[in-house]
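Protein chains: 2
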Amino acid sequence: MNRTLRSAAPLVGLVAALGFCSISHAADPLPSWNDGAAKRSIVKFVDGVTRESSPDFVPVPERIATFDNDGTLWAEQPIYVQVFFIIDRIKALAPQHPEWKTQEPFASVLKGDPRGITAGGEDGVAALLVATHSGMTTDEFSRQVGDWIATAKHPKTGQPFTAMVYQPMLELLEYLRANGFKTFIVSGGGIEFMRPWTEKVYGIPPEQVIGSIGGLKFDIKDGRPALFKLPNVVLNDDKDGKPVGIQRHIGRRPIAAFGNSDGDLQMLQWTCYSPGLRLCLYVHHTDDKREWAYDRGSHIGKLDKGLDEAKLRDWTVVSIKDDWNKVFAFE
Amino acid sequence: MNRTLRSAAPLVGLVAALGFCSISHAADPLPSWNDGAAKRSIVKFVDGVTRESSPDFVPVPERIATFDNDGTLWAEQPIYVQVFFIIDRIKALAPQHPEWKTQEPFASVLKGDPRGITAGGEDGVAALLVATHSGMTTDEFSRQVGDWIATAKHPKTGQPFTAMVYQPMLELLEYLRANGFKTFIVSGGGIEFMRPWTEKVYGIPPEQVIGSIGGLKFDIKDGRPALFKLPNVVLNDDKDGKPVGIQRHIGRRPIAAFGNSDGDLQMLQWTCYSPGLRLCLYVHHTDDKREWAYDRGSHIGKLDKGLDEAKLRDWTVVSIKDDWNKVFAFE
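Protein sequences, first through last, are from chains A and B. Here the working numbering is used: the first residue of the first sequence is 1, the next is one more, and so on. Here the working numbering is used: the first residue of the second sequence is 1, the next is one more, and so on.
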């Protein structure tokens with residue numbers, strides 16, 4: 001008996017040391033967040049749903065958190081990253097399409113006018129999407145995205161696009177996962193455009209990425225099966241398409257949702273119009289020095305109705321200027 | 001030093017004991033499988049992709065295994081379980097639809113003729129699906145399925161449908177998960193029909209269930225958001241729809257796939273027409289005593305082209321009669 005007790009001492013010490021490490025780390029899981037109402041609301045929520053004695057305790061399998069991507073996890077100014085990809089793909093494909101020199105919206109894109117991409121309205125954008133996002137196999141498209149994102153640079157900062165991710169949001173993803181959450185991306189961007197890099201950049205595997213979806217056709221040629229990308233849109237994963245995408249892919253209702261625009265409003269409503277402790281959070285772009293400042297009047301990432309509703313319902317609104325002591329890791 | 005060594009002894013003993021338990025369990029992770037070529041092919045595959053020194057080693061995140069449901073994980077005779085659900089729902093809804101007494105295919109269903117459900121061809125089946133699978137919210141539908149499956153019984157065995165699952169396949173699911181696999185269902189059945197019970201019965205959570213998908217519409221009424229089930233079909237997750245469903249939901253190509261019919265053939269091709277060690281397995285229904293015997297001539301679970309291809313490509317074919325010493329846990 002005595003021997004057992006004595007010999008267990010180092011084990012107790014080990015457990016204590018591990019416990020200490022854990023507590024030490026947990027002391028500030030969100031170091032890039034300033035102390036303030038936003039940070040406190042996050043920590044209070046996580047404590048409330050994970051502490052077993054809490055009346056709001058949620059079992060691990062139900063801890064589903066959904067994140068918008070553009071403007072929520074990485075920068076979306078001056079235009080969406082996927083639009084830069086489209087421009088570069090149009091340029092790369094131009095030699096095979098001499099007619100594009102005079103045909104809009106291709107001509108504007110080739111002349112280097114980024115606004116040309118939207119000048120033709122929805123039809124113009126659709127034409128550019130069809131030209132760059134269909135006709136190839138999913139494997140080929142994945143390689144095109146991977147090759148592009150490995151070298152493309154943001155025009156303002158000169159950083160790789162994958163460095164234009166928000167350090168506080170990376171900490172938040174990690175903090176939630178450390179507390180038993182499964183983290184999903186729910187973006188209006190193309191699902192196949194995100195999957196090649198989300199695991200490396202965000203720690204989110206392909207099966208936890210939800211986005212806009214195009215048609216696919218399975219075919220076998222010369223004994224090699226492939227999925228060909230078709231030009232039709234199956235799901236526009238924006239606005240009221242977001243709860244639809246969430247239900248199709250996850251089949252559970254999130255208990256936490258993170259966005260930055262009116263395109264995320266329905267996802268936040270689906271999450272937070274619900275009994276029990278929930279967290280709905282808007283990233284408000286208020287920092288024109290370190291990032292950008294835009295909301296109600298912006299045509300990219302417009303945040304108008306969502307801002308009103310956040311105030312009305314007491315959702316968390318993060319001011320980048322005031323709540324984040326670091327925006328990008330490269331700062 | 002001496003004290004540390006001595007005092008570590010119980011810890012070593014504990015580790016050894018845990019190791020012993022683990023080895024003891026691993027000695028036969030598939031007790032309902034007879035020793036034979038099928039079982040050996042499974043164990044050989046798992047060893048090949050999980051042993052780090054193996055030339056076929058696959059990292060954990062890439063260990064994706066996809067399982068058909070009807071006829072692969074649970075029985076599909078004399079008709080699909082979902083058809084029994086449809087019949088019972090039509091009966092439950094009949095008082096609100098007096099016109100169904102004379103209107104096919106409803107009239108046949110109400111008269112208790114299960115073949116009436118298919119007598120009207122695809123249009124008849126579509127009418128029954130629309131009547132029972134659309135118009136309600138996803139939450140309401142989930143409750144209807146949950147209430148039904150808690151009490152409904154199989155007409156031949158008198159067992160709950162959730163007991164009509166194959167014990168050897170439950171062991172296989174568990175064996176793969178214990179070896180780092182993520183297990184998915186990829187079924188032609190309705191995704192919302194399976195999700196209410198797959199976690200409890202198979203250990204597969206809703207977000208790892210892929211099935212046929214209908215339209216959804218997000219709406220908020222009286223401050224309560226809901227997703228309404230629409231009558232249109234978005235994905236028929238059968239035959240060449242299976243690789244499409246896999247790509248949309250998972251975004252990775254499986255390294256193991258399990259089916260029982262020609263409806264699973266494209267999923268197996270997508271999985272096994274690939275370099276590297278792969279496992280494609282067909283459950284062949286050969287036991288008319290303990291289960292059912294059917295293949296090339298059956299209109300449910302027809303296995304014809306798949307059987308030829310399995311022989312040609314040396315895929316694993318499980319004979320229920322010869323390879324399983326137990327079919328159902330209740331035996």
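FYI, nobody ran anything at the bench for these hints, they're computed from the structure. Any given hint might turn out to be false.
[Stated by the list, open to error] Derived contacts from chain B toward chain A, CB cut-off under 10 Å, selection only:
no., residue
1, 53
2, 54
3, 55
4, 61
5, 129
6, 201
7, 216
8, 227
9, 243
10, 250
11, 252
12, 253
13, 276
[Unchecked claim] Computed cross-link-like contacts, BS3-like style, restricted to lysine-lysine with a CA-CA straight-line distance of at most 30 Å:
no., chain 1, residue 1, chain 2, residue 2
14, B, 217, A, 311
15, B, 221, A, 302
16, B, 182, A, 217
17, B, 182, B, 156
[To be verified] A short list of chain B residues far from chain A (calculated; beta carbon distances all over 12 Å):
no., residue
18, 48
19, 134
20, 138
Just so it is clear, CB atoms sit at the ideal spot from N, CA and C, and this is done for glycine as well.
Here is how each hint holds up against the structure:
no.: 1; hint: 53; result: violated (25 Å)
no.: 2; hint: 54; result: violated (23 Å)
no.: 3; hint: 55; result: violated (22 Å)
no.: 4; hint: 61; result: holds (6 Å)
no.: 5; hint: 129; result: violated (18 Å)
no.: 6; hint: 201; result: violated (15 Å)
no.: 7; hint: 216; result: holds (5 Å)
no.: 8; hint: 227; result: holds (5 Å)
no.: 9; hint: 243; result: holds (4 Å)
no.: 10; hint: 250; result: holds (5 Å)
no.: 11; hint: 252; result: holds (6 Å)
no.: 12; hint: 253; result: holds (9 Å)
no.: 13; hint: 276; result: violated (14 Å)
no.: 14; hint: B:217 - A:311; result: holds (27 Å)
no.: 15; hint: B:221 - A:302; result: holds (25 Å)
no.: 16; hint: B:182 - A:217; result: holds (25 Å)
no.: 17; hint: B:182 - B:156; result: violated (33 Å)
no.: 18; hint: 48; result: holds (22 Å)
no.: 19; hint: 134; result: holds (14 Å)
no.: 20; hint: 138; result: violated (6 Å)
Violated hints, in rising order: 1, 2, 3, 5, 6, 13, 17 and 20; the structure is consistent with all others.
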